[in-house]
Amino acid sequence: MKEKNGLTRRDFLKSTAVGIAGAGLASLPFESVAQKGVEPPPLKPEKDAVLRVLRWEVFVQGDKDLWNKNTKKWEETTGCKVMTEYISWEDVRPKAAMAASVGAGHDIVLGWHDDPHLYPDKLLDVTDIATYLGKKYGGWEPVCYKYAINPRTNRWIAIPMGGPVNCINYRESWVKEVGYEKPPSNIFEFIKMCKKLKEKGHPPGFALGHAVGDGNNWTHHWLWAFGGKCVDKDANVVINSPETWNALEAVRELYDTLIPGTASWLDPHNNKAFLAGEISVTTNGISIYAAAKGKWPEIANDMNHVNMPIGPVGKPTELHLFNQAFIFKYTRFPNACKHYLMFMLEEPQAAPWINAMIGYVGPSLKDYKKLPIWTSDPKITPFRDCIANMLWNGYEGPEGPASAAAMAEYVVVDLIGDVCVRGKSPKEAARIAEQRLLRYYKKKVSVPKKEAPAPAKKEVPAAPKK
Amino acid sequence: MIESFWSKFFRFYVPLIIFVIFLLFPFYWMFNTSLKPMKELYNLKLNPFYVHQPTLENMKTLLFDTIFLRWMYNTFFVAILSTAISLGASLLAAYAIQRLKFKTSGPTGLAIFFGYLIPPTILFIPLATIIFDLRLWDSLWSLVLTYPTFLIPFCTWLLMGYFKSIPKEMEECAMIDGASRLRVFWRIVIPLCLPGIFSAGIFAFTLSWNEFLYALAFISTTESKTVPIGLVTELVRGDVYHWGPLMTGALLASVPVALVYSFFVEHYVAGLTGALKE
Amino acid sequence: MQIQAEERGWLRLRNAFSTLMENRNFLGFLLVIPAEAILFIFLAYPFILGLWLGFTDTVIGRKGDFIGVGNYVSLLKDSTFWLVTYNTFLYTIVAVLFKAILGFVLAIILNRDFKAKGLVRAIILLPWIIPTALSAIVFWWLYDSTFSAISWSLIKMGLINHKIDFLGDPTNARISLIVANVWRGIPFFTIGLLAGLQTIDPTLYEAAAIDGAGSWKRFRRITLPLILPLLAVITTFSTIWTFGDFQLVWVITKGGPANATHLFGTLSFQRAIPGGHFGEGAAISNFILPILVLCVLISFKYLKRED
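Line by line, the protein sequences are chains G, C and H. Our numbering applies: residue 19 is where the first sequence begins, and numbers increase by one. Our numbering applies: residue 47 is where the second sequence begins, and numbers increase by one. Our numbering applies: residue 455 is where the third sequence begins, and numbers increase by one.
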């Protein structure tokens, strides 16, 4: 058994070396990662159910191929039908919001970050399948509990699907040239490396525009790494703190080493600059590596990834796009929806799916980190641990409209930008961010725990709209 | 008036050429990008104005990996129908307001016009509820019926302007000869306004051709998407933009329409001048 | 007998009907019904819902409570909102001004006979026809801080020595967006005004020329007064569109850097949808209304005077 496994791994190495492994991996056998003897909850899909699923247009073709293939498999086993709609990832939120407020539309949505917490009362309780999947596949990563559980009812309202995760992307030869084996994990050392890279004419580049993914991810990480945060556990705004000022002092040093123009960068900019050889270090998903393997082999061979550096708090503080599937209560086929999601995350489906995504999407279930894709190419391995390393949007407060609004307003991105680009002092910038955050965190609706009982009562009759 | 060559050169050709270059440059850029392979796009050492290894790969992707032609058809379908509906409704309304001067024509005209001021960004959420109740969700008819909300105010006002510019005498003569109002409207007013109808139609068609927000909100399935939505939602994948096919699509979606327009514009200007000389 | 009576009845009915159809008030009402029906169902009704939203604290998926002018008060205290108000006015005024001037100039240039006139007119329409979502992507690519062809050529010409940060600097970003908007808006002015220019009787110019009026004087005394009503209508429409612009900004900068390019439309969308605060988003949109109504009333009054 073990030897066989070893062989397959070598096969992987071969196939990935040739190019994008994707489809090749899907058919290869591997050791099961599932725990034995966990019984699935008894779910009977409604007869002739037709499910409408909304998800984001994939980042990598293998995702779509396997997702559709698994869906077809489910259709064949249950006799139900699924209509999947793919739209660009940034448009999922408006559509899901509309479905929630109209009370009709897609049955299942694969949404982002705080989405389920914007309309928790409209979502189906999925505690049974979440518990089952957790038990069977080694438990959920810690951040999942924050993202998928409604804190007021303590029930699961979403199934975490994982996230398109970011790592430090770097050019090996240039990093070696300035005396490092790989980018250091100590954040101060990391800044030093960036300075040296810049001196050598190979500056790093991090997005500081209103970039939904890359911009939010690295700036939140940076703030948290120094112990700064927007709010505390009880949703009190605590951004204007010495920790934040320290983070801002440090980021100013970092910014001085960056390539000019990052203030306007949106998500695609760093990909292009990296592939053009303009920058040496950036934060990104595996999309640069995947593109390079196809068309810029000289860059693919010279690039590598490491996890984000660790700051004075001494533990990883990453933020990544986080994807979760949720079911609207208005669906006519609640059991079929749950059964479908459960089926898609079961090993026979999920394993080839995750493999086919060649590292784009980090898994939310711990055992899926054992899948061969993560070790098939050492350059992919760092992406495996990203979800385990991440905190949630709105850390350390609750998920909800306030945290969603703060991210949508780019409060943290602008905080960093104010200091780096617009020359404000750290204290001044922190004060501005504080004012902006107070607009949302003060409102009563934004703190579910503290919410007065009166509005809560009103919501109950409004929720089950049929 | 005879103009010297140099005077014509500086007062006509030079400014015209500057304008044409400014207006065309982004299209040249689309064309240029649509022929470039990805690798060349990101190569900073090459001259970006020139395509070194032209490829039809992007065209192939667009036509065979997406259902671009279907999107074109959808867009035409929606644009033509909503333009027709709007023109019909606006023509009647504009005539009534401008020519009949009925009791509340002033306030009605204002009310219709104010309709134009309401931004779609705030309308689309309540509108979604209505579309849903009417069972028009994910149907092209939802667009055919909602686009007139911004087309009618626009067309009505444009046509009211035209009615104003057409002399009343002909209508009055016909009325004295005993023709009914509706007959006068059909036989005299409409032919006289044809240029105005054309120009309102052109602008209405363009506005619906470009509409983005409603189409994004109300249409779900790939087969029912319009061109702008189809291209942007299916050729932008995460942080990877498929520049080549995107630009090819943009070109293919605009150039044929522009050519059709050039024909119409000629027609409508000729009609306009002709009608007024008589 | 009976048949005759019936016929007479019909005749009377028909006469009554045709009299009714000649009645200006009745016919007027009848003719505006189609337009008003569509506008009522798909515009007025959702609009009233939207207006109501602006007075509530609705967040996505949760019914809000009536909070009176709470949203408006909190917006007036929000520095971002004031910045956005400034941006919107700046954007609208500058862009419309340039569109009007350049569009008019181009219309005058084109108002003569020359070879390939049809082709040139078609070319000029192109920016207007292409879906904004796509032209915005082209501009975005042209403004790229690394790959911009504009920077590339200026460097090659030796005019600058490092790449221009088109979208990272607030002033540059505003200029860049205005240029894109002007590019898109010129055809509307040109084609509209060209149609108007062609209706001006050439004998007027000839008479003026015989009287010895120069070209500037002819423009001031003949062209401008005759075209002014049309110009006012076109400008009004362009102002409305520019004021409510959304796509261009959303694609190119998402309102950045540091909200320097956010407009009412984009801020409203950002706070309502990604931010989840429907009520506040609606309130921002509602702020647009009185301002636009004011603009329109001014131009409207002006048009009345011309009548």
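Accuracy of the hints is not assured; some may be wrong.
Covered by chain H, according to a simulated footprint, are these stretches of chain C (three or more residues, beta-carbon under 8 Å) [as the list claims (entries may be wrong)]:
| id | stretch |
| --- | --- |
| 1 | 101-112 |
| 2 | 131-141 |
| 3 | 254-261 |
What the hints contain is simulated information worked out from the structure, not anything from laboratory work. Just so we're clear, the structure is a prediction, and the values are computed from it rather than from any experiment. Cβ atoms here follow ideal geometry from the backbone N, Cα and C, with glycine treated the same way.
For each hint, the structure was consulted:
no.: 1; hint: 101-112; result: violated (count 0)
no.: 2; hint: 131-141; result: holds (count 7)
no.: 3; hint: 254-261; result: holds (count 4)
In this structure, only the earlier hint numbered 1 is contradicted, and the remaining ones agree with it.
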